[in-house]
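Please build the complex by placing chain E on the supplied structure of chain H, with the hints as guidance.
Residues per chain are reported as follows:
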Amino acid sequence: MIELQDVAYSYGGGALLSGISMTLASGSFHFLTGPSGAGKTTFLKLCYGDLLASSGQVSVFGQDARGMDRDDIARLRRRIGVVHQDCQFLDHLSVAENVALPLGVSGKDARTEMQNLTDLLGWVGMSKQMDALPPSLSGGERQRAALARAVIMDPEIIIADEPTGNVDWEMSLRLLTLLVELNRMGKTVLVATHDLNLIRAAKAEVAARVLRIANGDIQLAGADL
Amino acid sequence: MSRLRDFWLILRGDPEADRVVPPTGFTVRLTFFSSSAMAFLAVFALALSFATGRLADRWGSELARSSTIRISAPAGQVEQQVQATLRVLETTPGVSETRVLGEDEQRALLEPWFGPDLPLDSLPIPRMVEVIEAGDGYDSEGLRLRLRAEVPGAVLDDHTRWRRPLIRAADRLRLLGWVSIGLIGAAMAAMITLAAQSALSANAQVIRVLRLVGARDVYIARAFVRRFTLRAFLGALTGTILGVLAVVLLPSASAEGGFLTGLGFQGSHWLWPLAVPLLAAVVAFWATRLAAFHALRELM
Numbered sequence: 001m002i003e004l005q006d007v008a009y010s011y012g013g014g015a016l017l018s019g020i021s022m023t024l025a026s027g028s029f030h031f032l033t034g035p036s037g038a039g040k041t042t043f044l045k046l047c048y049g050d051l052l053a054s055s056g057q058v059s060v061f062g063q064d065a066r067g068m069d070r071d072d073i074a075r076l077r078r079r080i081g082v083v084h085q086d087c088q089f090l091d092h093l094s095v096a097e098n099v100a101l102p103l104g105v106s107g108k109d110a111r112t113e114m115q116n117l118t119d120l121l122g123w124v125g126m127s128k129q130m131d132a133l134p135p136s137l138s139g140g141e142r143q144r145a146a147l148a149r150a151v152i153m154d155p156e157i158i159i160a161d162e163p164t165g166n167v168d169w170e171m172s173l174r175l176l177t178l179l180v181e182l183n184r185m186g187k188t189v190l191v192a193t194h195d196l197n198l199i200r201a202a203k204a205e206v207a208a209r210v211l212r213i214a215n216g217d218i219q220l221a222g223a224d225l
Numbered sequence: 226m227s228r229l230r231d232f233w234l235i236l237r238g239d240p241e242a243d244r245v246v247p248p249t250g251f252t253v254r255l256t257f258f259s260s261s262a263m264a265f266l267a268v269f270a271l272a273l274s275f276a277t278g279r280l281a282d283r284w285g286s287e288l289a290r291s292s293t294i295r296i297s298a299p300a301g302q303v304e305q306q307v308q309a310t311l312r313v314l315e316t317t318p319g320v321s322e323t324r325v326l327g328e329d330e331q332r333a334l335l336e337p338w339f340g341p342d343l344p345l346d347s348l349p350i351p352r353m354v355e356v357i358e359a360g361d362g363y364d365s366e367g368l369r370l371r372l373r374a375e376v377p378g379a380v381l382d383d384h385t386r387w388r389r390p391l392i393r394a395a396d397r398l399r400l401l402g403w404v405s406i407g408l409i410g411a412a413m414a415a416m417i418t419l420a421a422q423s424a425l426s427a428n429a430q431v432i433r434v435l436r437l438v439g440a441r442d443v444y445i446a447r448a449f450v451r452r453f454t455l456r457a458f459l460g461a462l463t464g465t466i467l468g469v470l471a472v473v474l475l476p477s478a479s480a481e482g483g484f485l486t487g488l489g490f491q492g493s494h495w496l497w498p499l500a501v502p503l504l505a506a507v508v509a510f511w512a513t514r515l516a517a518f519h520a521l522r523e524l525m
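For the record, the sequence lines run as chains H and E. Residues in the first sequence are numbered consecutively from 1, following the working numbering. Residues in the second sequence are numbered consecutively from 226, following the working numbering.
Just chain H, same shape as in the assembly:
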């Protein structure tokens, strides 16, 4: 589903990632961990086409990212749900409008998808806040709304960048439960986090693989977590 072959990414003259080769199979659950500044976010951006590799090949759904034009990348993003640590909402739109945003930009009528939207907000526990504006939400509510937006297009891959970075442990577990549910529905899930406790909690629920990124390289982590 996502395949990297000898991928390198340089930034500001220095190599942030180098010689990375790996495959994220369909339906898999991966955690990506490592110290701050190690390149977790860069790796995720390479996976959803926000950055292009300096060298090597990144293939998503069998398509080489280098051969994609801007419209191809836009279409790719509709098949990949992305959750950011800072959520990236439009603050002048309500929660429901933000969650429905991917429908609008892909030409679907949000009104005909209203039931789907309501169900989705109910699934993430945000039914009561659907008319609220994002600045009035708590950290956990923002993350759950961001997750709802990421999955409204029924994407095949969910990528989450530090989704539990700004929430308490209880909310972290709640978000993890939602991600595990999505994985059980057949979605490929890739979560970047520095929270090892979250990874340990997840391992009890799902067969997650852990990738550790350090010194520009990615290694499969062992049982030492």
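Keep in mind the hints are simulated off the structure, nothing from the lab. For each residue, glycine too, the CB sits at the ideal point set by N, CA and C. Hints are supplied without guarantee of correctness; some may be wrong.
Chain E is faced by these chain H residues, among others (derived, beta-carbon under 10 angstroms) [unchecked claim]: (1) Tyr48; (2) Asp50; (3) Ser54; (4) Met68; (5) Arg78; (6) His84; (7) Gln85; (8) Asp91; (9) Leu93; (10) Gly104; (11) Gly107; (12) Ile199; (13) Ala201.
Sample of chain H residues with no beta-carbon within 12 angstroms of chain E, all distances over it, derived [what the hints assert, rightly or not]: (14) Glu3; (15) Gly49; (16) Gln57; (17) Phe89; (18) Ser94; (19) Asn166; (20) Glu181.
Chain E only, in chain H's frame:
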């Protein structure tokens, strides 16, 4: 086809897409004001072009069909030479009408320079014969030679000498009017581009979010293009209405201006200002579209 589709989508509107991009007050005012001011000026430039066009046509056609023969002779021979001139004209092909100007008409012609109490009888004023051409006109060189032989005091003035530079000047003024309209359009495009770029920069975060959720550039650009096109249209409509009112309220110069013409519109030319808001919308559409796609490429 995609351009036409974009234009149709702009006319039809999409309230949901419009809500995605929050309006920025500064660019609203800049676009509205600049398109109003430019439309106001464009109406005047149009009026100038049409007025000078009319002037050129009038000088070109009316004066081209008429010429004058001036007869200067000693007092006792004037009437004799006038009659001889008329006889020559009667046998000249291409002359449809001749008329000897009366004393009142000559006094009226001289009044602006010598005042109303001009004693014509006591002055050696030459007599004037107006000649109106027929069809392709007459051979002015041939007529001149015949008059020189038969009427020594008669001089033909076919107005060519002073008419040509006047027509040329009027044509240049008309051209200047159209060039002004072009420059006004270019200035408006530049201002709208500036406003659009400013709006795009102010909404960089919105663009990032839209891209994150899979928006194509054309979707993002359309949200800006629609807004700027409508603003420019409404601004230009306001400016056009004010410009037309100003032209209507201009004092008329046609009665006193003699061979001049009033700065304004006549007949079907009144419909031309209606094109100004539409042209402003087209200019805004392209200026914003180009600015948006350029900015979106830069924001990659």
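Against the structure, the hints come out as follows:
no.	hint	verdict
1	Tyr48	holds, 9 angstroms
2	Asp50	holds, 8 angstroms
3	Ser54	violated, 16 angstroms
4	Met68	violated, 12 angstroms
5	Arg78	holds, 4 angstroms
6	His84	holds, 8 angstroms
7	Gln85	violated, 13 angstroms
8	Asp91	holds, 9 angstroms
9	Leu93	holds, 7 angstroms
10	Gly104	holds, 5 angstroms
11	Gly107	holds, 8 angstroms
12	Ile199	violated, 25 angstroms
13	Ala201	violated, 28 angstroms
14	Glu3	holds, 21 angstroms
15	Gly49	violated, 10 angstroms
16	Gln57	holds, 20 angstroms
17	Phe89	violated, 7 angstroms
18	Ser94	violated, 10 angstroms
19	Asn166	holds, 18 angstroms
20	Glu181	holds, 21 angstroms
Hints 3, 4, 7, 12, 13, 15, 17 and 18, counting from the list given before, are not met by this structure.
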